[in-house]
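A.B. asks: Position chain B against the provided structure of chain A, taking the given hints into account.
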Amino acid sequence: MNHKLILQYLGKVLSLLAAFMLLPLLVSLVNGDLIEARGFVFTILMLMAVGIPLGRLKASTTKLYAKEGFIIVAVSWLALSFFGALPFYFSGAIPSFIDCLFETVSGFTTTGASILRDVESLSPGILLWRSFTHWIGGMGVLIFLMAIIPAVAGDRALHLLKAESPGHDPGKLVPKMHQTSMLLYVIYLVLTVVEILLLLAGGMSPFHSIITAMGTASTGGFSSMNASIAGFNSLYCEIVVAVFMFLFGINFNIFYLLFIRRLTGALKNEELRVYFGVVVAAIALITINLTGTTYPTVGQSLRYAAFQVCSYITTTGFFSITQMNWPLFSRMILLALMFFGGCSGSTAGGLKISRIVIVWKEIRRALFQIIHPRSVEIVKLDGKAVDKGLVHGVCVYCCLCIFLFFSSLFIVSLDNMDVETTVSAVASCLNNVGAALGKVGPGGNYADFSPLSKGVLAFNMLLGRLELYPLLLLISPRTWRTV
Amino acid sequence: MNIVIVGDGKVGYSLAEQLCKEGYNITVIDKNAEALMHTQETLDVMGVLGNGASIAVQNQAGVPDCDVLIAATSADEMNMLCCLTAKNLGAKHTIARIRNPEYMSQLQTLKEQFGLSMTVNPELETAREIARVIKFSPALKIETFSKGRVELIEFKISQNSPIAHKKLMELPAATNTQVLICAVDRDNQVHIPGGDFQLLPEDHIHITGTTADITRFLHSIGEDGMPIRRIMIVGGGRICYYLCHMLLEDRGIDIKIVEKNRDRCDELCELLPKVTVIHGDGSDIELLESEGMDQMDAFIALTGMDEENLIMSMVASHKGIPKIITKTARFKYMPLISRMGIDTVVNPKSTTTSQIVQYVRAMSNAEGSNIITLHKILDGNAEAAEFVATEKTRHLDTPLKNLRLKENLLIAVIVRDGKVIIPHGQDIIRKGDSVIVVTSEHRLTDLNDIFRD
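Protein sequences appear in the order of chains A and B.
Heads up: take any position in the first sequence, counting from 1, add 593, and you land on the numbering used here.
Heads up: take any position in the second sequence, counting from 1, add 202, and you land on the numbering used here.
These are calculated hints, taken from the structure and not from any lab test.
The beta-carbon is built from N, C-alpha and C at its ideal position, and this holds for glycine as well.
Be aware that a few hints might be false.
Said to hold, decoys possible - Mimicking DMTMM-like on lysine to aspartate or glutamate, the simulated pairs with C-alpha atoms at most 20 Å apart in a straight line are:
hint : chain 1 : residue 1 : chain 2 : residue 2
1    : A       : LYS656    : B       : GLU219
2    : A       : LYS981    : B       : GLU219
3    : B       : LYS212    : B       : ASP278
Stated by the list, open to error - Here's a subset of chain A near chain B, in silico, CB distances under 8 Å, partners left out:
hint : residue
4    : LEU647
5    : GLY747
6    : ASP748
7    : ALA750
8    : LYS769
Just chain A, same shape as in the assembly:
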């Protein structure tokens, strides 16, 4: 294990975090909130004190192997969570440190689960930092680092992309890693700005537009209102946010293909088609279920169903209703959608549609094999054979996900809450959704969980965002053994 190299990357990440904090610091200063500004200044100084010396370390070999790639990502994200929590603590916005950590992890991992009972009482600087963590975490810090420092995006940087980027097989858009990460961030930024402009056009204030757009772009779900999107009480805003949630659940490769005018290639993408199909089917089922039972008209049912489906499948976790008095069938569909997640290569969490498709095809193949033991069939995605090793990896990933889900469930169940709350809270954190069902559904929050459960849930969020492996490798003794 190349410790110096790992620390060197960590140093660069921390320096970058210090730079990111200048933005909320500026907002605090403009608002004249000096205690809060002091909190940011303290954190920035600490980050610089640790980050700059580490960033200057010289490793004897700069060759990055898969192992180092995973560990760099895991260590960076843990450090981000710790230092990112400090402004909340120093400014006194959130008194308990475990709560600060929970809120920050929830931010960086784009979960959007909050322990705050009253968001509207927070000052703009803290609110902005809370949502800004979403935006940074959505596309990834190391990818940002690669976009701004070409030297970081060296020959072996693919390992970093693979460890940080979601999906079963992350790859590049263009030959150079530096340009790939730049393109990803440009697409991300442009879409975010377009959403901000559309929300402004709908009469939302600039501050709320920025917070909401950051929450949507990263598929995070932190809002500046206690009642989330329902608080704005505007059909136009709901439509804009729902459409953008859907868009940010799409693989960014598709936007790139559209950008270079390869329309057919983009529309033929199998994952995109399944994603679209699942969204339409879920909206239809929930609308039918809601009409007459919860809401009187089809129009109303469709409005709430569409928004909630987009919010849960992309693992954003915004809501446009203040209370979830929906029938159980609809709620269970939402629970299932949490596990689906968006497309690979998007900012969404969950298992990802591509994995579901591969597992589904593998199950069909395995069943067919039982009837025709000598048959030869291969799993295909987009008309191309998926490597057997990759199929195996996807199956292992899904099983591991279920295993971790139940392990966490047992610990959280010690709090003795109701089944729906416990199950959905764990599912929600593991899949980076945020809002769940029951007490943690629309209008609720995570404040009532015990510190132990909060810790487990926060760990689940990190596991979910980094797709399990980096963190598990970090705590596995085998990683650290030399032989």
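C.D. replies: Frame of chain A, contents of chain B only:
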């Protein structure tokens, strides 16, 4: 500049590595997922899985917008088809590796028909490299510039050489010749020496000058070398075939080929009537000895197995054969090999790579003074490049001593109207001059790159 490489084998990888270092955007196409994954993980390139001659795959790899497509798969026909497809899709330049001797006579037609910008034949180039060293025996390696007017030779300083422990500035007086030592390899460290650099035994030095001057220089320090008459070659592949053709142009050279494959032996007999062909395993030392290995002037190991080549060469070295030339496919062993007493190592892969890199570099420099020749020396740790000075070149007609050149860089030779000048402080660069520059750190695409300002 966008470059697509078809074929992720030894040459493909080495090309991708080299061109990636030069900062181009590289996409590699191959059918082998495992090889492709390894390339993507170790180099900053993009991989596309599939048949490189298929239009769909080429489209996916961005061939329509690419500047160069290099086809380096193992099959000549495949390479030609790749280039033809790419040309039709809109690739600006195409380079194909074509190495079947039977196609060599029709290369010009092929180039025209398929619209190829360049063809490369690693085996032919390697054979040329070996032939040069055989014909000029003191040198370990020879590269040429300016249509052969200037040579760059590598040469090892022996223990009791008169120039050992001498400083460079004392050399002209000691040898009374016009040559320049432009690079020194000491313990795998590259030095671009200045006047007060002291030479030590076992140093590998690189000398530039005219053939006549270099011969005189070597004569003055007692390193004439002896003419090579009897040659044993183990491994009768394509390099061997090309090499025998070249060597047999001179009278009085006797060649003995040892080849394992009976059918190939018959072919060689037919193609090369003047050589002796022995059917047998070259790794069988007994056989080599009975065929008179000890009396040979030169031993050349050209089998397809690196390990066999190295072991045979070590045996030959032990027997005191004066000239030993070994082919290896893998580049990474070079530092080890030079310690084993095997001095001349040829590597078809690196020969091909530097040929293509030279072409690509010259192309990426649309205006100004193009690279004419580029040689990677010292296992690729330094390069010697030849440029022509044009009106765009800065600091023309300024005495060299007044120029501020980059570090670890040396103007080795200036060729003016066919006359070779070993430059001194008061010499100047004029428009139209060929300038040969040696550097260990910089990557030069233009003559102006050598100046600090």
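A.B. asks: With reference to the structure, classify each hint as holding or not holding.
C.D. replies: Against the structure, the hints:
Among the hinted pairs, LYS656 (chain A) with GLU219 (chain B) is consistent with the structure: their alpha-carbon atoms are about 14 Å apart, no more than 20 Å. For the given pair, LYS981 (chain A) sits about 29 Å from GLU219 (chain B) by alpha-carbon distance, which is inconsistent with the 20 Å threshold. For the hint linking LYS212 (chain B) to ASP278 (chain B), the alpha-carbon distance of about 15 Å falls within 20 Å, and the restraint holds. Contact between LEU647 (chain A) and chain B, as hinted, is not supported at the beta carbon level, the nearest pair being about 24 Å apart and thus beyond 8 Å.
Because the smallest distance between the Cβ of GLY747 (chain A) and any Cβ of chain B comes to about 6 Å, under 8 Å, the interface hint for this residue holds. Because the beta carbon of ASP748 (chain A) sits about 5 Å from the nearest beta carbon in chain B, less than 8 Å, this interface hint is met. The criterion of a C-beta within 8 Å of any C-beta in chain B is met by ALA750 (chain A), whose closest approach is roughly 7 Å, and the hint holds. Using the Cβ-Cβ criterion of 8 Å, the hint placing LYS769 (chain A) at the interface with chain B is satisfied: the shortest such distance is roughly 6 Å.
In this structure, the hints that do not hold are numbers 2, 4, in rising order.
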